[in-house]
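S.K.: Sequence order for the protein chains is X, U, E and C. Heads up, the first sequence is in the numbering used here, so the first residue is 260 and it goes up one at a time. Heads up, the second sequence is in the numbering used here, so the first residue is 260 and it goes up one at a time. Heads up, the third sequence is in the numbering used here, so the first residue is 260 and it goes up one at a time. Heads up, the fourth sequence is in the numbering used here, so the first residue is 260 and it goes up one at a time.
Keep in mind that the hints are not guaranteed to be accurate.
Unchecked claim - Calculated lysine-lysine pairs in the DSSO-like style (CA-CA distance at most 30 Å, straight line):
1) Lys444(C) - Lys294(C)
2) Lys444(U) - Lys287(U)
3) Lys294(C) - Lys287(U)
4) Lys610(U) - Lys584(X)
5) Lys337(C) - Lys465(X)
6) Lys541(E) - Lys531(E)
7) Lys412(C) - Lys444(E)
8) Lys421(E) - Lys287(X)
9) Lys554(U) - Lys584(X)
By construction, these hints were calculated from the structure, which means they are not laboratory data.
Number of protein chains: 4
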Amino acid sequence: MGLSFLVFPSTEHTRFQHALGAMHLATKAVASLRKQGVQINDSEAEALYAALLLHDLGHGPFSHALEHTFLPDTAHEKMSLALMHDMNREFGGKLDLTIQMFTNTYARGFFNQLISSHIDLDRLDYLKRDSFYSGVTEGNINSERLITMMTVKEDMLVFFTKAIHSIEKFLLARRMMYWSVYLHKTSFVAEELLIRFFKRFDQLDKATKSSLGTVALAGLTNNKTAELEDKINHFTQLDDNDIWVTLKAASSCDDAILVALANMILNRDLLKIQIDNQPIDKTKLADKQQFFMEKLGLSATAIDYFVFSGSLSTQGYNLDEQPIKLCSLDGALTLFDASSENAHFPILTRKDYKYFLAFPKQDGYFS
Amino acid sequence: MGLSFLVFPSTEHTRFQHALGAMHLATKAVASLRKQGVQINDSEAEALYAALLLHDLGHGPFSHALEHTFLPDTAHEKMSLALMHDMNREFGGKLDLTIQMFTNTYARGFFNQLISSHIDLDRLDYLKRDSFYSGVTEGNINSERLITMMTVKEDMLVFFTKAIHSIEKFLLARRMMYWSVYLHKTSFVAEELLIRFFKRFDQLDKATKSSLGTVALAGLTNNKTAELEDKINHFTQLDDNDIWVTLKAASSCDDAILVALANMILNRDLLKIQIDNQPIDKTKLADKQQFFMEKLGLSATAIDYFVFSGSLSTQGYNLDEQPIKLCSLDGALTLFDASSENAHFPILTRKDYKYFLAFPKQDGYFS
Amino acid sequence: MGLSFLVFPSTEHTRFQHALGAMHLATKAVASLRKQGVQINDSEAEALYAALLLHDLGHGPFSHALEHTFLPDTAHEKMSLALMHDMNREFGGKLDLTIQMFTNTYARGFFNQLISSHIDLDRLDYLKRDSFYSGVTEGNINSERLITMMTVKEDMLVFFTKAIHSIEKFLLARRMMYWSVYLHKTSFVAEELLIRFFKRFDQLDKATKSSLGTVALAGLTNNKTAELEDKINHFTQLDDNDIWVTLKAASSCDDAILVALANMILNRDLLKIQIDNQPIDKTKLADKQQFFMEKLGLSATAIDYFVFSGSLSTQGYNLDEQPIKLCSLDGALTLFDASSENAHFPILTRKDYKYFLAFPKQDGYFS
Amino acid sequence: MGLSFLVFPSTEHTRFQHALGAMHLATKAVASLRKQGVQINDSEAEALYAALLLHDLGHGPFSHALEHTFLPDTAHEKMSLALMHDMNREFGGKLDLTIQMFTNTYARGFFNQLISSHIDLDRLDYLKRDSFYSGVTEGNINSERLITMMTVKEDMLVFFTKAIHSIEKFLLARRMMYWSVYLHKTSFVAEELLIRFFKRFDQLDKATKSSLGTVALAGLTNNKTAELEDKINHFTQLDDNDIWVTLKAASSCDDAILVALANMILNRDLLKIQIDNQPIDKTKLADKQQFFMEKLGLSATAIDYFVFSGSLSTQGYNLDEQPIKLCSLDGALTLFDASSENAHFPILTRKDYKYFLAFPKQDGYFS
């Protein structure tokens with residue numbers, strides 16, 4: 260949930276809770292599929308449970324965006340996999356099957372789909388969980404029903420046709436959670452500031468990094484070019500606590516830009532953010548930057564940290580991915596998108612964009 | 260909820276609970292509007308609470324459809340109003356303001372909109388309540404948020420622009436509740452049978468009606484042409500219990516059609532119902548009727564009770580009604596449907612139709 | 260819940276919902292016990308599920324008290340059993356094992372304890388359900404945890420020692436639900452009036468009973484001395500609807516006592532009830548009766564219907580029944596009541612009494 | 260909740276959420292009391308809301324126990340008050356009334372009782388919240404009902420007599436939450452280790468403290484003897500993040516004891532803890548210490564950190580505090596403990612003790 264708690268104070272639930280929840284849903288899915296006659300042996304079941312428990316292992320603290328800062332060339336799935344291999348060595352190969360499912364190299368493809376697809380157990384847990392904790396009940400989904408509507412045909416995951424309204428609702432709820440919660444403008448701008456904080460932090464000399472940052476953080480940022488294996492240890496040591504302690508230390512350091520960014524985040528004294536349906540004009544951004552350089556006496560270096568533009572987007576039902584298949588009671592398969600009943604389809608596939616311009620508030624940090 | 264409990268066993272909640280709930284939401288709406296500076300005096304508040312408590316007074320037992328059977332020329336709103344006038348006489352005019360709000364003759368129109376409009380307190384209660392009791396969480400709505408998003412401009416009810424996702428969700432949830440619950444094919448066909456039961460019952464002679472039906476029921480059906488005022492007493496005496504007792508008495512009476520209809524409902528041994536996206540062809544219906552007349556030895560009179568077709572429909576956001584208005588933070592009003600963000604709009608306004616053909620099951624009552 | 264809805268308007272949940280819920284808990288109990296290594300074969304599991312689904316079959320409409328009125332010499336368990344035998348004949352012996360479990364003639368006693376004991380699945384469902392629907396959260400219990408704390412030793416049901424706080428809580432919650440809900444004075448006095456209504460109804464002649472009552476009701480009350488088998492059919496036809504329709508019919512009949520009782524219940528215009536910790540003195544009752552005979556002009560026959568006294572009681576942990584056994588992690592068994600930690604025990608076993616005196620209200624029916 | 264998340268993974272809710280919740284209950288209490296005719300003006304209401312929002316301001320990170328470590332001579336209430344005075348200066352006296360209520364120097368005593376008494380809004384929030392997040396439903400209480408049962412007599416808070424079962428339930432739930440959650444042996448031993456960690460940390464030289472600890476932590480522990488005012492700044496900078504980062508830094512430092520304590524907590528590789536109803540015999544402790552000194556080669560200095568004994572206790576209804584008063588419908592006041600109905604009373608007042616002995620696990624850190 261990144262910095263969502265700045266807007267929704269109850270969203271302090273953790274990734275560990277989510278991992279337990281996703282694993283719990285896996286036990287429900289296995290029980291439901293077995294009841295329908297799908298053969299799943301105990302090793303497969305256990306491997307699936309482990310996959311859901313471990314699927315987010317490679318996430319760093321806070322947002323996806325921050326991961327890019329700490330591990331510029333490593334997707335979090337790659338890190339998750341590296342950590343699973345690490346654990347697998349320690350456990351003497353007990354995670355072999357889990358890793359096959361995770362990397363979709365196991366013959367029975369539906370296990371991978373339960374881990375990662377349009378409607379996987381990961382999303383079934385986090386959408387429901389985030390909707391509950393944020394109080395945005397519009398994003399609530401019926402995980403239990405979607406799971407009982409799953410079945411397996413030719414080792415692939417499909418849904419009973421009568422689940423069509425629940426699937427539609429799932430996709431709409433996901434879209435709604437993006438615009439209402441995950442991309443809420445207040446937590447979004449806070450995350451943009453956090454990314455800029457670490458961009459600036461990264462430019463400090465080694466000694467200062469070590470004095471301001473924690474052991475784990477300095478270890479990572481001072482070894483950008485090391486091999487992935489050598490960074491794993493620093494990365495697994497890093498958590499939200501390192502970020503907050505670094506922000507607190509930086510809030511009274513020598514670098515005015517770092518001080519400003521840290522205090523803005525710590526005191527929830529953020530930038531103003533304007534949302535538009537059209538891309539922000541380059542001239543408009545340049546004018547805004549010029550205005551604030553003069554008004555606040557900010558340098559050309561500083562201005563990019565405090566006046567900037569960009570875009571937000573949500574991807575609906577992605578047509579490039581493996582499509583959702585529906586299965587009628589007589590076993591016939593159809594594509595979800597071709598369903599004659601599915602009137603919402605054109606909307607559901609749309610990729611929505613919004614554009615933003617961020618700049619200092621009148622009564623904010625610089626005033 | 261009519262006969263929904265045949266499909267969703269927990270939907271036995273009552274109209275009285277709904278009336279209390281709607282009144283409770285009225286207290287929340289008044290508190291929220293007052294907090295925003297809308298002047299509402301205590302008489303207005305009390306009149307609104309009474310209006311919500313009494314708004315469904317004129318409903319008869321079970322479905323809207325059945326009302327038509329018992330009071331062929333009287334909409335339930337007309338009966339509600341007649342009963343309110345009755346109570347108003349008893350209470351010495353204490354309901355004057357309530358009746359004005361209910362009939363939209365009170366100058367401040369937003370009170371009527373809270374009672375009856377696209378997003379009124381009635382719907383805010385029953386959608387949430389029915390979603391909860393049926394377990395169809397897809398239909399859940401955020402009543403609390405929608406209420407806090409309401410405000411008043413020029414004595415009309417409007418919504419803050421930032422409620423747009425919640426409004427969209429509300430309209431989608433309503434559509435989903437219709438297809439998933441209110442028009443569920445099993446309870447729908449049971450209601451069709453119930454309507455036919457009373458159509459047949461109505462054709463009986465007076466004495467038989469009185470012996471099979473209860474006092475209240477015989478009173479109503481034997482006085483079809485009486486003035487509304489003369490029927491009020493019988494109507495208010497009538498409730499679900501009369502329907503069930505009559506069905507039980509009829510289940511072993513002399514009329515084979517009545518016996519069949521009663522037993523089908525009482526034993527949940529209903530007709531098969533096929534749903535189609537196209538209207539049912541007249542020839543197809545005729546053929547089906549012919550087939551069952553021969554197979555089951557049903558008479559030409561009987562066949563219409565057990566083989567029939569028709570349509571179901573849900574109206575989305577109705578463009579003929581007063582539109583939803585949005586109010587930006589600076590007070591400017593726009594129409595919900597003109598909103599540039601509202602990508603779902605074309606879908607939301609659509610009136611959806613489905614068509615059905617009902618006929619005896621192979622292993623059902625007639626087998 | 261009898262007439263509890265007169266006090267708690269949301270307690271309209273049905274016995275069928277409870278039966279489904281108890282059966283659902285049975286599936287949880289079987290899954291949990293199997294996980295602990297208790298061998299339960301599929302026939303046993305299915306028999307248990309059926310037992311929970313059917314355990315309340317012999318209940319008549321409304322309260323236990325009313326059952327006594329309709330079937331004076333038949334406990335509802337006896338009727339449940341008679342109905343199970345009936346179904347068993349129809350199903351060709353498929354309920355044999357269920358009946359053995361129900362009558363505790365099956366060798367593995369823990370199945371019977373899951374159906375009927377201090378902490379059985381019946382109570383685990385209805386306490387939680389009734390607490391939820393009434394809003395009396397004080398009566399909520401942790402069914403899920405109590406079920407996972409169950410295990411089996413020598414074919415008897417025992418609880419892990421660490422469940423002691425949950426057991427204690429369960430017994431306290433049960434006591435609280437009795438005083439706060441099941442014996443709430445308003446619904447209690449309504450039930451007393453209902454019992455008296457049918458006592459009076461019973462004294463009518465056959466023809467009047469048939470004209471006022473419904474088919475099922477007249478069948479039962481006109482055949483008091485028939486064999487149980489001959490009454491089963493009338494009894495299974497009887498439900499709450501018959502009671503309400505009879506009350507409505509009686510509300511304007513010729514018998515003034517019946518009219519009064521019916522209207523009191525239908526209009527929730529009940530007697531006043533005074534609760535005391537001491538038994539009501541006979542003289543006090545006599546004086547009260549004398550007072551109202553004079554004041555209201557009631558006859559000596561009538562007075563017993565409207566001025567009467569009696570007692571209410573709740574039994575805590577009943578020492579006469581098979582005691583709850585605790586099982587430590589090393590397998591040693593102790594009695595719950597001997598537990599050194601169980602400080603509440605003396606309270607938990609107590610049988611509490613209250614006494615009541617009921618009489619007409621000043622501004623009630625007779626005024 | 261201290262380290263409860265080690266046992267109940269969902270108990271990551273924050274003190275800020277609790278403060279918002281307690282303030283929310285204050286708005287409910289004010290609305291309910293006003294409805295009963297208690298005069299509360301807007302300044303009083305606002306002052307009460309602020310008091311509940313700020314009441315826990317003086318708490319440090321984690322447990323009460325740790326506070327003692329960082330501010331040895333300062334109760335957290337004293338620190339809360341110091342911080343309120345600080346804010347009051349900044350806000351130009353706007354918190355005057357809040358501070359009077361908090362310190363019980365305001366004439367109308369019921370405001371202080373709403374902040375701090377047997378059944379105050381603080382407890383009404385945290386018991387319900389902690390019960391919900393831990394899943395220990397046995398500890399759930401009916402906050403809403405208890406608030407509506409509150410009234411004011413002679414400016415003191417009293418409860419309507421009919422709330423007696425809810426009060427009883429409240430006190431029992433509190434006792435149950437202590438034994439089941441707050442004093443759960445696993446999180447309890449983790450907290451004991453954390454206290455010992457900081458005891459050891461405190462003995463380090465200034466430079467090491469600064470290198471291992473964070474700025475805020477070093478500031479506090481290096482200025483033990485400073486005036487309270489001078490410590491406020493360091494104290495308010497200190498939060499859970501400092502604790503975790505310090506533990507992580509210490510987990511690979513030069514001091515073997517610190518390394519052991521840090522790793523035990525970070526890896527949830529805790530001591531074994533035996534609970535007894537009798538105080539631990541001194542000889543038994545000495546023997547245990549001797550055994551582990553020999554077995555693990557621990558020094559006499561080290562042994563106190565890893566083998567130790569002590570007691571846990573819960574105080575029921577404390578007879579030394581201002582008693583709960585009950586108010587009958589006719590206005591008469593009685594003491595809760597004198598109520599003839601209150602059979603649980605002797606249990607409720609009891610102070611329960613348990614005793615523990617903690618020592619290394621066979622397969623734990625030292626193995």
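S.K.: Taking 30 Å as the top limit, are the C-alpha atoms of Lys294(C) and Lys287(U) close enough?
M.R.: holds (15 Å)
S.K.: Given the proposed pairing of Lys541(E) with Lys531(E), does the C-alpha separation stay at or below 30 Å?
M.R.: With Cα atoms ~18 Å apart, Lys541(E) and Lys531(E) stay inside 30 Å; holds.
S.K.: With a cut-off of 30 Å on the C-alpha distance, tell me whether Lys337(C) and Lys465(X) pass.
M.R.: Not satisfied, since the Cα-Cα distance of roughly 42 Å exceeds 30 Å.
S.K.: Given the hint that Lys444(U) pairs with Lys287(U), test it: the Cα-Cα distance must not exceed 30 Å.
M.R.: violated (36 Å)
S.K.: Run the distance test for Lys412(C) versus Lys444(E): straight-line Cα separation, threshold 30 Å.
M.R.: holds (27 Å)
S.K.: Would the pair Lys444(C) and Lys294(C) pass a check requiring their Cα atoms to be no farther apart than 30 Å?
M.R.: violated (45 Å)
S.K.: Given the proposed pairing of Lys554(U) with Lys584(X), does the C-alpha separation stay at or below 30 Å?
M.R.: violated (39 Å)
S.K.: Given the hint that Lys421(E) pairs with Lys287(X), test it: the Cα-Cα distance must not exceed 30 Å.
M.R.: Within the cut-off at roughly 27 Å; holds.
S.K.: Is the hinted pair Lys610(U) and Lys584(X) satisfied, with a Cα-Cα distance of at most 30 Å?
M.R.: Measuring from Cα to Cα gives roughly 27 Å; hence the hint holds.
Figure legend: structure checked against the earlier numbered hints; hints not met, in rising order: 1, 2, 5, 9.
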